[in-house]
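Line by line, the protein sequences give chains A and B.
Okay, so the first sequence: first residue is 1 according to our numbering, each after it adds one.
Okay, so the second sequence: first residue is 1 according to our numbering, each after it adds one.
Since the hints were made in silico from the structure, they are not lab data.
All C-beta atoms in this analysis are idealised placements derived from N, C-alpha and C, irrespective of residue type, glycine included.
Just so you know, not all the hints are guaranteed correct.
As the list claims (entries may be wrong) - These stretches of chain A come out as covered by chain B in the derived footprint (C-beta under 8 Å, 3 or more residues): (1) 164-170; (2) 180-186.
Claimed, not checked - Every beta carbon over 10 Å from chain B, so not counted as near; a handful from chain A, in silico: (3) 47; (4) 209; (5) 340; (6) 377.
What the hints assert, rightly or not - In silico BS3-like pairs for lysine-lysine, Cα to Cα no more than 30 Å straight-line: (7) A:100 x A:60; (8) A:100 x A:131; (9) A:60 x A:31; (10) A:148 x A:31; (11) A:31 x B:206; (12) A:273 x B:206; (13) A:273 x A:148; (14) A:290 x B:87; (15) A:31 x A:140; (16) A:49 x A:140; (17) A:31 x A:49; (18) A:290 x B:85.
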Amino acid sequence: MSERIFRGTGLAAISLSVLFLAFLLWNMGSKGIGGFTQYQAQLPIDFTKSDLFLDPATLKGPDARETVAGADLTTALSNAAQAAYGPYAAQLFSDAAVNKLTDDILANPNMLTGQSTLWLPVGSKIDVAAKGNGDPAAEKVVNMLQQKHAIHRAFNAQFLTGSDATDPSSVGVWGALKGSFYTILVTILLAFPIGVLAAVYLEEFAPRNRWTDAIEVSINNLAAVPSIIFGLLGLAVFLDVMNLPRSAPLVGGLTLALMTFPVIVIAGRNAIKTVPPSIRDAALGVGASKMQVTFHHVLPLALPGILTGTIIGVARALGETAPLLMIGMRAFVAAPPDGITAPATVLPVQIFLWSDEVDRGFIEKTSAAIIVLLLFMLLMNGLAIYLRNRFERRW
Amino acid sequence: MQSRMVDQAVLASPEGKALPAFEMQRESILSEAHEIASGEREQGFNPQSATLAPRIRAEESRFAVMGGAAAILIALGGAFLALRKNKAEFRARTGVERWAMVVLFAASLIAILTTLGILLSLLFESLRFFRLYPAQDFFFGTEWSPQMAIRADQAGSSGAFGSIPLMWGTFFIGAIIAMIVAVPLGLMSAIYLTQYAPARVRTWLKPILEILAGVPTVVYGYFAALTVAPIVRDFGLSIGITSASSESALAAGSVIGIMIIPFVSSMADDSIAAVPQSMRDGSLAMGATKSETIRKVLLPAALPGVMGGVLLAVSRAIGETMIVVMAAGLAANLTLNPFQSVTTVTTQIVGLLTGEQEFDSPKTLAAFALGLALFAITLLLNLIALHIVRRYREQYE
């Protein structure tokens, strides 16, 4: 009897842990999946009656977008919506619809001379109401539109191609993804070569002395230092002493590289350790130098193990938020960065910033961004597992 | 670099000298002219940029030719040097290998430099803080309210930096609540996985458990703030605790505990595996059942290793930032009530350093003093834990 209870407790413990995980994923998934879709409403608009002073002939060349942006599309949309659906509908559209209309006009300037019927993304309040938890006023507008069959659900491409915005209906993760990409690029370019070289030195060449001991102790300690401490280091050294640009992927990448470096060294040393001494002896026996043995034979054989450890370390850096908050990557950045010194934000920080917003439209956007982040983590960890199973040799 | 040289040459030319001396105005005309020169736009707001554009184009082509010539010269010089050195007795490999060795050693020195960098930057900024604010008040003060008073009569803004409430909050969340969740679940999971589960179940369950450790902390933080915290608050209210807050120690602590389960589990796994097979066989041979062997022989034998693992887990939990920032709140309460809001060292570091920053204010410097305290505590915990684990391993080798 007590046998069974004990065994049952163990099973219950692990089931509970797995249940927590399932609940967490289900919770994020069910909240966030709506963020990838968006309600669009039909809008008949007569450009000849609107007050837009836009001439199709001038909408050519590189300055066309600025010209359209200068026209008051917001008011034109509001007027058209009121003309079609009555005074409730004045707030039907927001920035996302203005962006869409700008694109449409640029693609087909002749549209401005006549009348057309367009599907445009609705504003965040209406969107939230259509998805079932908005305020009563917005619900009324949604019901009215549904009766006229003038509203439908569509894929939200803006969420994958856009950047941060103040209006939840027009936000996107592309800017943050690009920032993450640049940051992680800097991290990999610095941490991987330096980490592998340090692992090779410690495992193959280092003499047993105080220096080596000091290096080993500091690597083991660095691997256990809380990540926020690295953020403080980045703030004090890279920003305050070296005066690098704030909130840039360069500084974020440097900080994360310092954090990832010990992980790569430890994984690298373990991988190098598993290469059997007979390989080294054989190469030495035919006259190779110690350096040639290491770089021609040991390192290629250890590489799959090193890569697996590196990917896991980099995946951790990709999900890291706290150190990047310290170096100022929490600024509002409305355009994707175009280099490693441009102001940027990264995906986890973007999630943190959106989670702080009071607007209800941001709840599903935050969860949707979390889905994107988790997909990337899954991809990287899957890659690491694949590499391990495909290339790792048992000696 | 080339673009800067082009700019200098353009500014030195007669057209460039005619530009306004005010720097911002000059810069904007210059950048307009650049865009016209590269064909990105047809005309600028300032007519001067149009006259500047052809000059920019001319200078750019001039510098491109000069750059090409310089590259060819350097290449020829290198070839000449290489041909002169290339003799039968020249030991190229030894030279290269000596340099390779230096590079390898330099790479491993980065570790020491990083540790020194952390120590020095934290110490230096903390010393500056203690010059502004007495150290004994920081370490033993029980009031934390870092807002500095702007007016003398402002309420609640005393600028007090007593760290005791923060230390308590950190300890309460990381070492008590999180461990109450993580230790039983992690330990029992490890026992089930290593002692009972069939091999096929184990190969599936272990990686699934590891996923818990791989989820980014910001995701846990959002989960804690949006889903767990309201449940905890409603539960607190329903059992009659009227002070239950929507930012509670219990919500943050239990989510940290969930995150740390795989860590505790794998440490316990290692320690149980290190117990010699002979002890297990001896106990079973004496007629003890499987669960008796685990409880009376394996666990006591593995206890030091498990304790070391728990200490490492505590050091992880108290250094955790995002979950507590998003779910634990900023109110520095000295309370034993898990339904109330407490604050932690890491939350306050984030709170002090985001927003307006001047590097000399005690607010910013206090963050570094907190960082130093956090670093010292985690370092100490890690050293003790590693020492225990090593002693324990040696015992059975």
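Hints versus structure:
1. For the segment 164-170 of chain A, the proposed coverage by chain B is not satisfied: 0 residues have a C-beta within less than 8 Å of a C-beta in that chain, short of the threshold of three.
2. Residues of the segment 180-186 of chain A lying with their CB closer than 8 Å to a CB of chain B number 0, which falls below the three-residue condition for coverage.
3. Against chain B, the non-interface label of residue 47 of chain A holds: every CB pair exceeds 10 Å, the least being about 26 Å.
4. Every beta carbon of chain B lies more than 10 Å from that of residue 209 of chain A, the smallest distance being close to 12 Å; the non-interface claim holds.
5. In this structure residue 340 of chain A is separated from chain B by more than 10 Å, as the shortest Cβ-Cβ distance comes to about 17 Å.
6. A cut-off of 10 Å between C-beta atoms contradicts the statement that residue 377 of chain A is not in contact with chain B; the least separation is 6 Å.
7. Restraint check for residue 100 of chain A and residue 60 of chain A: satisfied, since their Cα atoms lie roughly 18 Å apart, inside the 30 Å limit.
8. With a C-alpha separation of about 21 Å, the suggested pairing of residue 100 of chain A with residue 131 of chain A holds against the 30 Å cut-off.
9. Distance hint between residue 60 of chain A and residue 31 of chain A is unfulfilled; the C-alpha atoms sit about 43 Å from each other, more than 30 Å.
10. For the given pair, residue 148 of chain A sits about 28 Å from residue 31 of chain A by alpha-carbon distance, which is consistent with the 30 Å threshold.
11. Among the hinted pairs, residue 31 of chain A with residue 206 of chain B is consistent with the structure: their alpha-carbon atoms are about 27 Å apart, no more than 30 Å.
12. About 24 Å separates the Cα atoms of residue 273 of chain A and residue 206 of chain B, which keeps this hinted pair within 30 Å; it holds.
13. Distance hint between residue 273 of chain A and residue 148 of chain A is unfulfilled; the C-alpha atoms sit about 71 Å from each other, more than 30 Å.
14. Restraint check for residue 290 of chain A and residue 87 of chain B: satisfied, since their Cα atoms lie roughly 24 Å apart, inside the 30 Å limit.
15. With a C-alpha separation of about 23 Å, the suggested pairing of residue 31 of chain A with residue 140 of chain A holds against the 30 Å cut-off.
16. With a C-alpha separation of about 28 Å, the suggested pairing of residue 49 of chain A with residue 140 of chain A holds against the 30 Å cut-off.
17. Taking the CA atoms of residue 31 of chain A and residue 49 of chain A, the gap is near 42 Å; set against the 30 Å cutoff, the hint is violated.
18. Only pairs whose Cα atoms come within 30 Å are accepted, and residue 290 of chain A paired with residue 85 of chain B is accepted, the gap being roughly 25 Å.
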